[in-house]
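*Asks:* Each chain, written out:
Protein chains: 2
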Amino acid sequence: MARRSKAVFSIGMDLGGTKIAAGLCRGGEILKKVVVPTHAAKGFDAVIEAMAGAARAAMGDTDPAQVAGVGIGAAGQIDPRTGAVLYAPNLRWTNAPLGGSLSAALGLPVRVTNDVRAATIAEWKFGAGKGLDNFVNIFLGTGIGSGIVLNGQLCQGATNSAGEIGHICLDPEGPVCGCGHKGCFEAFSSGRGIENEVKRRLQKGAKSLIRDEVGDDLDKVTGHLVGKAAREGDEVALAALAKAGRYLGLALANVHTLLNPDRILLGGGVMALKKFFLPDARAALHRHILPVADRGDDLLGEARFETEAVFLGGAALFA
Amino acid sequence: MARRSKAVFSIGMDLGGTKIAAGLCRGGEILKKVVVPTHAAKGFDAVIEAMAGAARAAMGDTDPAQVAGVGIGAAGQIDPRTGAVLYAPNLRWTNAPLGGSLSAALGLPVRVTNDVRAATIAEWKFGAGKGLDNFVNIFLGTGIGSGIVLNGQLCQGATNSAGEIGHICLDPEGPVCGCGHKGCFEAFSSGRGIENEVKRRLQKGAKSLIRDEVGDDLDKVTGHLVGKAAREGDEVALAALAKAGRYLGLALANVHTLLNPDRILLGGGVMALKKFFLPDARAALHRHILPVADRGDDLLGEARFETEAVFLGGAALFA
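Line by line, the protein sequences give chains A and B. The first sequence: position 134 = 155 (our numbering), numbered continuously. The second sequence: position 299 = 320 (our numbering), numbered continuously.
These aren't lab readings, by the way, just hints derived from the structure by calculation. Glycine included, each C-beta is placed from N, C-alpha and C at the ideal position. Treat the hints loosely; a few may be bogus.
[Stated by the list, open to error] Here are some of the chain A residues that sit facing chain B, going by a computed Cβ distance under 10 Å:
#1 111
#2 154
#3 188
So here's chain A without its partners, still in its complex pose (with noise of 0.2 Å):
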C-alpha cells in the first residue's frame, strides 16, 4: 500500500468477551495501550463503537497516516480472508463481519486472526519464538489452543482450524470435553479439565482441603482453589495437577513426533501452577517421544507475553 509507505506504527487489538484492548504499537513495542469493556450484550454495533473508541484513544494525536492498519485477535472462528468472525460463542457472534465494520469505522486497514494465532505470531515476531522456523505455541487456559509455525509459515488449514490441539484425542474412555467427544488433550489439561478432575475426586469422597472451602456444592471449584490447595500440599490437588501434567506431555510428545519442532512453547493461565505438573509433562514427553526426536529440555519453553500478546500479534499483522 504506497499511501501508507510512511506508515510506522499499527494497533493492536484484543477483543474479548469481556474486554477490548488496543495498543499503539511500534514493532514489538507498545506505546499505548487502552482498556475498555467489550459489552456484548448490547450487540455487535456497539461493539464495533467500543473497538473504534478504543482504537482512536490509543492512536492519540498520531497521524493516521502514519499508522499501517489494524490488526485484530479475536477469540473464535474467524476467516482471516474476509475478517469476518464466523462463530464466537463468547460473543454471541455468528457471521458478524468484524473487519470491514471497523475498517469502516476507522478508515483504516484491518485484518483479523484468532486470539491464539495472533499471540503465537506475538511469540514468533517478538518473543520466545523469535527465529524459528518451526514451533508450537500451546496455550493452557480454560480451554487449549495452539497456533503452529512450520517452514517459516504460520499453519491456517484446509479450513482453516489448524492448531486445534485442544481436541487432540489422548484416550478414546477419558472424561467427557466440552465439544462432546471424550478425552480431549483439553478434557485433561486445560483449567476446566483439571476442575474436573478435582470435583470427580471430591465425588468419591476423597478428602481434600478443597472440600473444606466448597462444601457439598462442586460447582465452586475453581482453578484458584485448586492452586491454593495444591500450594498446602493437598492431595487431591496435587493427583489432579499431576494428572494433567502427564497428558500434556503425551500431548507434546505426539506433537514432537510428528512435527518434529524446534520448540513447543507454553503459555496461558494454567502456568501459574507449572511447578505442579511440569515435572510430570517432562516426564512423559521424554517417555513417549520417538527417541531421535528427543533433544532433551530443549524441547520445551515458555511464551513470553502474557495479557499483551494477542494485540502485540494483532499490531504485527501489519509490521
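Given the coordinates of chain A, work out where chain B should sit on it, guided by the hints.
*Replies:* Here is chain B on its own, set in the frame of chain A:
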C-alpha cells in the same frame, strides 16, 4: 544450473534394502525403468556401483546434458542438505555419503530424501495430492511413516524427523512397538502390528484358520496368512484388522484436528486389506475428529502410486 538449462529428463531412484529401482523420467512420465538387487552385504562401494549401473542403464543413450540430476528416495534417516544417509538399518549404513559418492560416480547432481517423503512428492506433483497445499501421505507397510505438506511446502522439521507418525502414542498401556515404547500407532496399524495382534489372540487360545496353517510356530504368522484368513471370514484375522482400523481412525482424527489438511492419503501394502479395516477407520475418524474440522468422506483419499512412488518422487526433486 545454467549448464543444464536444456535438461528435460531426470533420474529417480528407489534405494531399498533388497532392490534398487532407477527410472528415467520426464515430469510424471516414466520413460524407462531398471531394477537391480541391492546386495547391501557387499558394502557401501558395491551399492554405489550398483546404483550407478542402474542409473546408466535407465539413461540408455540419453545425452547426459539433458539430465537435470538424480533424485533418490532411500529408506532410513537422511540429511537432505548433504545427501548423507545418517542411519539405515536395512543397509547397515551409518553416516554414509550417498549423494556425494553417486554424484562423483555419475558426473551428475544428486539429491537424496527419505523414501516416504519421495513418495509424498510423487503424489503431490503427479498423483492423488496434485494441487493440494495441505495434505498428509501415510504409508501403511511393515512400519508406518508419513510425509506432510503444509502451506505448499514439505515439512522437514527442525532436525529432519517430521512425519514420524508411526510413533505417535495412541495408548500409553498399548502393545510394545519396535521403537521400544508402548502403544505407538505403528504397533496397532502396521503390517507387523496386525500380525502381532493376531499372535496375541492365538497365544490366548483363540481358534483360527491361521492356527491350522502355522500350528504352534507363531513366527510363521504373516500378513499374507492374515489376509487369506480374513477373506475366508476368520474371526481372529477380522478382529485384528478391525482393531488396526480403529487405531488408524484415531490417528487420522488427531492429525485432522491438529493440522486441518485438505486430505490424508493412505498407501502401502496394508491397503491391500483395506476392505477389512477402512470401515472401522472411517467410523473412528468421524467419532474422534473435532466436529468443525470434519468434512465427511473427502477427508480421506488413497495414494495413486504403488511401487513407482519413491523413484517418481526422487525424479521430481529435479523437476
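*Asks:* Now tell me, hint by hint, if it's right for this structure.
*Replies:* Going down the list of hints, with the structure as the test:
1. 111: violated, 16 Å
2. 154: Nearest chain B Cβ about 8 Å off; hint holds.
3. 188: Holds. Min distance 4 Å.
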